[in-house]
Amino acid sequence: MSVPTSTGRFGEFGGRYVPESLVPACAALEAAFRDAWSDTAFRERLAHLRTTYAGRPTALTAAERLSAELGVTLLLKREDLAHTGSHKINNVLGQALLAQRMGKTRLIAETGAGQHGVATATAAALFGMRATVYMGERDIARQRLNVFRMELLGAEVIPVTSGSRTLKDATNEAMRAWVAAVDEAHFCLGSVGGPHPYPWLVRELQRVIGEEARAQTPVIPDVVVACVGGGSNAAGTFAGFVDTPARLIGVEAAGGAAMTNGTPGVVHGYRSLVLQDAAGQVLEAESIAAGLDYPGVGPEHAHLGTTGRAEYRTVTDDEVLDAVRRLARSEGIICALESAHAVAWVLRAAGTPDLPTGSTVLLTLSGRGDKDMATLAGEVR
Amino acid sequence: MKRLNPYLTGGITPDWIDYLLAFQAAGADAVEIGLPFSDPMLDGATIQQASDQALRLGASVASILTDLAAARSRICIPLIAMTYANLVFRGDPFTTGPATATGPEADPEAGSGPEAGRSLGAGSGPEAFCRRLAEAGITGLIVPDVPVDEADRLEAAATAAGIDLVLLAAPVTPPDRLAEIGRRSRGFIYAVSVMDTTGERDALATTAAPLAARLKAVTDLPVLLGFGISTPAQAATAARAGDGVVIGAALMRRVLDGATPDDLRAEVAAFRAALDQVDQEVPAATAHAEISGHRR
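Here the protein sequences line up with chains F and A, keeping their order. Going by the working numbering, the first sequence opens with residue 1, and the numbers climb by one from there. Going by the working numbering, the second sequence opens with residue 1001, and the numbers climb by one from there.
One chain only, chain A, in its complex shape (with noise of 0.2 angstroms):
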């Protein structure tokens, strides 16, 4: 079956897990909760105003996760937080910086913001960060900016936790690292469709399907596509190259513009049925193979 994750910027608006509950209601496998970074290097305009938009309301990765971890009982499907280095690495336990005795470490949750003097769990770095992942019901990972080069600590912690860490894969990426992301990813592979940031384009790229393709010839794992996918037919484009799409910009553009939580269910719905129609073409496709086999 042909995967459907669309993406939520966490804490987007005050009634954002309304979102959340509306792409699960509406078939999503599920849900990538972005965790908002003032820096986002890999979004384009629309993710990148998402994440100001929560940050401007307060949003934070402790009031992301507590949100979370109140909403447990009605959320049935994975979760997989996607965000920056560094909130993954914050208060490092192994830095010895001159600043130390003010920075981070002191209290990871001690701050100004509304989640001042609140503490989620002791200790920081990569560690306590996967730890408080798991802790809020969320089983997977994404970090654009920690390549496979620099994951091993952070791969080491996540397993720890138990949860995935996907690791992502470019058009560019040479066979040999596509080789090893294929060994080292966990859950899935996060296939970046296009040489470009993240935000909906008028067509699906041509680098998508050859680079689906070399994957499915290295690994077993599911890949998924995302990066630019911003219609129901482009999604079923690529949904036949790989196992199944990631959706952001598309959404999140429809959330800053005043979409309700009703209007996006329709949204991932449509999304979810171009998918459903592309596994009902896999059978014909196997049936026209047996014919034809049959005719020999």
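Same shape as in the complex, but just chain F (with noise of 0.2 angstroms):
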């Protein structure tokens, strides 16, 4: 995919809104990740933590069952199988390792699921940093497993009790403590959202996901779809695709879609698709899944649908639902209820115009369910 310019942006979308206090933090990490990235040996150890630690390259498993039952290929890139059980591992070893460079000592972070809190949460620990990481209050109640790691780790989860006590408040919350701490402190993004150079810095963390999937992948899909709330394992997914002819599909959740729903807004220190009432208030994301819970999405991801490289469809909870159970049954693979986005739409566009029998589908299978048992266990029958 494309390079920002030299503003953040992609498109009409990016840019970086945020106070005079984090300007020269950004303009600090953007030149060392500039640095870091064209430095032989930083890539290489990175590489070397992806091969010992995290457990890259994860597999390409052919769902052969429920391919038979749709009548397409489906291929499963097996984020799941990485380290602390999803594709944020990437992208937090990457920014972890730059803040060491930079000689930062703690890592904030900000997380929904949990799934992100959890990757800084084992990278502090791996380099010996401190974590912080803020929740949303409601979403601490129903992914607590995620809490408990992300404690047993030795990171201070803070619970956030404004505004929809989701991860859209825990962003808030987590960029109010870095203009607090920013001597000492790299705020850890989960997304590909934020003010630049994060989007792009947590693409390029993520591309490994789509360049190994193409790597392992006999014949280029004719569709390429992951699941979308801020879009980092979309992304990461689509840029290895992005210059072949394979349709890429990013789903959304119906109470979730800004790149369905939003209209353009600033949030968050970027500029892009955004759920929003007609004043221009941020309105509350809602889904059963806590990790797309959020009312805004990647400025690139904004910027493919925009020109029309990437397509947006959105499913629904009980279509979350069946496909968790559907998967788990046929593949024996109990996946996140992020992820099943991507496998509810499959398990409906199959035979349809917009997936034609016959079709091979890479999808990417974000991360594993575990944490979503206490859900699940009172919603899956």
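Calculated from the structure, these hints are not laboratory results. Cβ coordinates follow ideal geometry from the N, Cα and C atoms, glycine included. Among the hints, a few may not be true.
Covered stretches of chain F (in silico footprint by chain A; criterion: 3 or more residues with CB under 8 angstroms from a CB of chain A, positions within the stretch not fixed) [as the list claims (entries may be wrong)]:
id, segment
1, 143 to 151
2, 346 to 360
Here are a few chain F residues that sit away from chain A, every Cβ distance over 12 angstroms (derived from the structure) [claimed, not checked]:
id, residue
3, Val18
4, Glu44
5, Asp277
Some chain F residues near chain A, calculated using beta-carbon distances under 7 angstroms [to be verified]:
id, residue
6, Ala68
7, Phe127
8, Asn172
9, Ala279
10, Gln281
11, Val282
Both chains are sitting in their own frames, so use the hints and assemble them into the complex.
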């Protein structure tokens, strides 16, 4: 995918809409990333960590029984097999290495479902750094397992009680905390949103998903599909296929669909499509998947969507729960509620003009469902 | 004369204009009107709570400007709007997003809230926003999440509408940026005295005076210090370093706690008295300098 402009824009989206207090930190991060990314030693160290610590390359699994049922060839890129259970580790290992290179001693993060928080806590432990993770009170209640994991790893989890008490407000609080600790702390942002250089930086760190998958697939798939909240696993996956004829499909939660229902706006430091009311107040998203409960989407997705290179669809919570059950019973894989959005679209679209019989589909299974057991126990029969 | 700019969240109470008039009566030089936003990135708990309360009461940019226009004959000091980028760039006419047909471009004022169907002006984006501010009698604008690098279009829009776009400077702002901020800011420069969000503090930050001094060296514009200035004594100390102060959270906390406009008039008057005291120190210092000089 494209490199952003010097002001961090993908088309008309992106930018750096942050308080003056954070501008030097963003500029320093951009400079440090440019420097590190062109440094062979840095990239080799990251590659080594990915192999020996994170468990990369992750497998590509042909979902044979489900493929036979659906009449399409479904290939699953198994980010659920990565250490900590999701693609989030790809981004965080890179950012933690970068933070260490910049002399930072502490990581600040926001988390929704907790997977990014767990990955951040993990990297902090690995590098001997402190970690502070902001998490909405509502998400803490539905993702207790991940809260416990973060605390066991030594991170401080700070409940956020403002607004919707979900990822949106956790992001506000993490950015405020960064203002007050910018000398010592790196803001380890979890998705492809936020001020420049984050959307670009995180996509480059997640690019490994798409590049591995491209090398693992015998043919270029007809369709590449991934779930989209902020959109980091989709951005990383799409990066491996954007220069091919493959259709790129991002799947959003019906109650948190910034690509589908959003309008142009500025929130959390970047300009993109945002769920907001007519007066410009940001709306609270609503999804069964805490990781997709977010009213914005990464600016590169907004750009890919408006230029038509990628398409975005929505699925409902009920479809998601059905997708979890069907994937579990046909393939023996319990995926995260977030990832199940992508599966749900395939289930719905297979055999229709949107996904004709005989198509080859590459789907990024961004994480595993252990964290969602409490939710699933009450919902899946 | 040291300037006193108290901050007031627009629509924080149904009678919020009475607080504005109380600030004026107490000797405010200008009042900063917060146009509440759902996600105020740079605000601490108090201003955030004030914004939430205003939004719950149905406040919007449109309703606040309407209230101000209605009170215009009673307001004789400058008003400065303070808000976030999303409200300023809302319904950007240069945008061609996929959802614009149902988005705010269709009618920037249409919606389901109390302002549904009301239109205060044609167009959208920063140009229309600044025009609407000017029509309501507002002469200045502060947008903390639009740093100087992102300000070109807003700067042009503000200038065209006769609005001073006030830029912020922070303790970490490097010298070259500080000079650019000094050159491009209008009206005054807002010195963010501490690396933190808005909110009350026990003491004036140690970063306040050095930032004011660095700014004074690169600009002739007045330098007003804000963020964390909570007491008249702190305001006096800040004002000795700069040209005045912005007082926000300390006042909004009182309003949230139920203080009346009369109560707030007394609060603001106390800040006014502290600044006036600083003004009186200046001739004394000059006199002292003259005596010193005479002795040499």
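Hints, verified against the model:
A stretch counts as covered by a chain when three or more of its residues have a beta carbon under 8 angstroms from one of that chain; for the segment 143 to 151 of chain F and chain A the count is 0, and the coverage is violated. Coverage of a stretch by a chain is defined here by at least three residues with a beta carbon nearer than 8 angstroms to that chain's beta carbons; for the segment 346 to 360 of chain F and chain A the count is 0, and the condition is violated. At roughly 6 angstroms from the closest C-beta of chain A, the C-beta of F/Val18 falls inside 12 angstroms, breaking its exclusion from the interface. Consistency note on F/Glu44: stated as away from chain A, and its beta-carbon is indeed over 12 angstroms from all of that chain's, at 33 angstroms minimum.
At roughly 6 angstroms, the least C-beta separation between F/Asp277 and chain A is not larger than 12 angstroms, which violates its mark as non-interface. Hint status for F/Ala68: violated, given a least beta-carbon distance of 36 angstroms to chain A, over 7 angstroms. A cut of 7 angstroms between beta carbons decides the hint on F/Phe127: the least distance to chain A is about 24 angstroms, and the hint is violated. A cut of 7 angstroms between beta carbons decides the hint on F/Asn172: the least distance to chain A is about 6 angstroms, and the hint holds.
Because the closest C-beta pair between F/Ala279 and chain A is about 5 angstroms apart, less than 7 angstroms, the hint holds. Against a cut-off of 7 angstroms between C-beta atoms, the interface hint on F/Gln281 holds, since the closest Cβ of chain A lies about 4 angstroms away. The beta carbon of F/Val282 comes within 5 angstroms of a beta carbon in chain A, closer than 7 angstroms, and the hint placing it at the interface holds.
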